[in-house]
Amino acid sequence: MDSDNPHDHELMSRLRRLDASAAAATPAFDYDGLLARHARRQAGARRRQVLARGAAAAMLVVLTGASLWRLGEPSAGATMADAGAMIAPDEALPEPRIVRADTYLAVAALEDHLASLDDALNYARVSAGPADVARLERTRAELLTSYTQLRYAERVSANF
Amino acid sequence: MQRLVEKVITPEVLAAARAGDLGARRTLFEQMAPAALAIIRRLVRHSALADDLLQDTMIAMYEHLEDFRGEAPFAAWVRSIAVSRCLMAFRSPWQRARVALESWTEDCHPALESEGRTSDLIDLDRALARLSPVTRAVVWLYDVEGWSHEEIAQAFQRTVSFSKSQLARGHARLRNDLAAPLTSGLGIPLGSEIDGQ
Chain A
50 MDSDNPHDHE
60 LMSRLRRLDA
70 SAAAATPAFD
80 YDGLLARHAR
90 RQAGARRRQV
100 LARGAAAAML
110 VVLTGASLWR
120 LGEPSAGATM
130 ADAGAMIAPD
140 EALPEPRIVR
150 ADTYLAVAAL
160 EDHLASLDDA
170 LNYARVSAGP
180 ADVARLERTR
190 AELLTSYTQL
200 RYAERVSANF
Chain B
30 MQRLVEKVIT
40 PEVLAAARAG
50 DLGARRTLFE
60 QMAPAALAII
70 RRLVRHSALA
80 DDLLQDTMIA
90 MYEHLEDFRG
100 EAPFAAWVRS
110 IAVSRCLMAF
120 RSPWQRARVA
130 LESWTEDCHP
140 ALESEGRTSD
150 LIDLDRALAR
160 LSPVTRAVVW
170 LYDVEGWSHE
180 EIAQAFQRTV
190 SFSKSQLARG
200 HARLRNDLAA
210 PLTSGLGIPL
220 GSEIDGQ
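Quick note, the sequences are listed as chains A and B, same order. So the mapping is simple: the working numbering equals the position in the first sequence, first residue as 1, plus 49. So the mapping is simple: the working numbering equals the position in the second sequence, first residue as 1, plus 29.
Please note that a few of the clues may not be correct.
What the hints assert, rightly or not - For lysine to aspartate or glutamate, the following DMTMM-like pairs were computed, each having C-alpha atoms within a straight-line distance of at most 20 Å:
no., chain 1, residue 1, chain 2, residue 2
1, B, Lys36, B, Glu100
2, B, Lys36, A, Asp68
3, B, Lys193, A, Asp57
It should be emphasised that the hints constitute simulated quantities derived from the structure, not laboratory data. In this text, all values refer to a predicted model and were calculated from it rather than measured experimentally.
Isolated chain A, as found in the complex:
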């Protein structure tokens, strides 16, 4: 013993006397009882294992079912995406708005004039002189300015 304490040696000898004085312990079961206890414990362990596997399988089925159910149901993200897809074709259409008839007619008249001037310019560049081409281009520029102002006024009035 590591300790040189005489009290430790005395204690050790008393403990050994205690061990020697103990009567033989009698097990609560014999060899057959041991086998029966072991069989019962194994049966219990198997039953718990079956229950655990059953619980795990049930949990797996529930989780799988829940996942499939959620897949079948439109999710929040999918709903927003679908809504976006439904709205997108509408955005491609011209925005409905109320316009004044006289403004619409003035715009149409200017567009017709511009188209006529473009034809005249093409013809003048081929067959007429530079002075005629310059006069037609000044006229076209004035019409284009008027057209731009008219469309601006139309847009401003539509927003009020």
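With the hints as your guide, set chain B onto chain A.
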């Protein structure tokens, strides 16, 4: 009582038990079980748990008969199985809870049969019962079973210092308890407050 390590099993019985002979297996049980139960009860002191640990020890003995190489006496090998099962029970939270719960309903610390035991040994037995399970196991394994600090440290998966400190603590506690033999049932020295001790 013959101690576990003093039990001798003949090679013929061992060979027959390994071969599956039921008579030899029964002989092994009858030779080993009482002595194994004695050491288990020394370490555990809870009768129902001790029975369970004896069952575990015997079943492990049968299941690992092929692993016994004969380097040490067979009884010493069985003792190491019994001690390791007890230490596993100490570490198991489930077993600790079971012992704590059942302590309320039954006497879990029966004094081992003591024919012709003197009063000082009865006091020692009671003082031993009041030690914590780990300290009691270290004291018993070192002082009675003759284990070294290295063997105890290995069994507990701790250091040698752990074994030495537990032994010193156990001895101090035992000496303290034995110095005050007049104790109440709770282990509190009677009249210590009155006497100012």
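Hint check:
no.	hint	result
1	Lys36(B) x Glu100(B)	16 Å, holds
2	Lys36(B) x Asp68(A)	15 Å, holds
3	Lys193(B) x Asp57(A)	13 Å, holds
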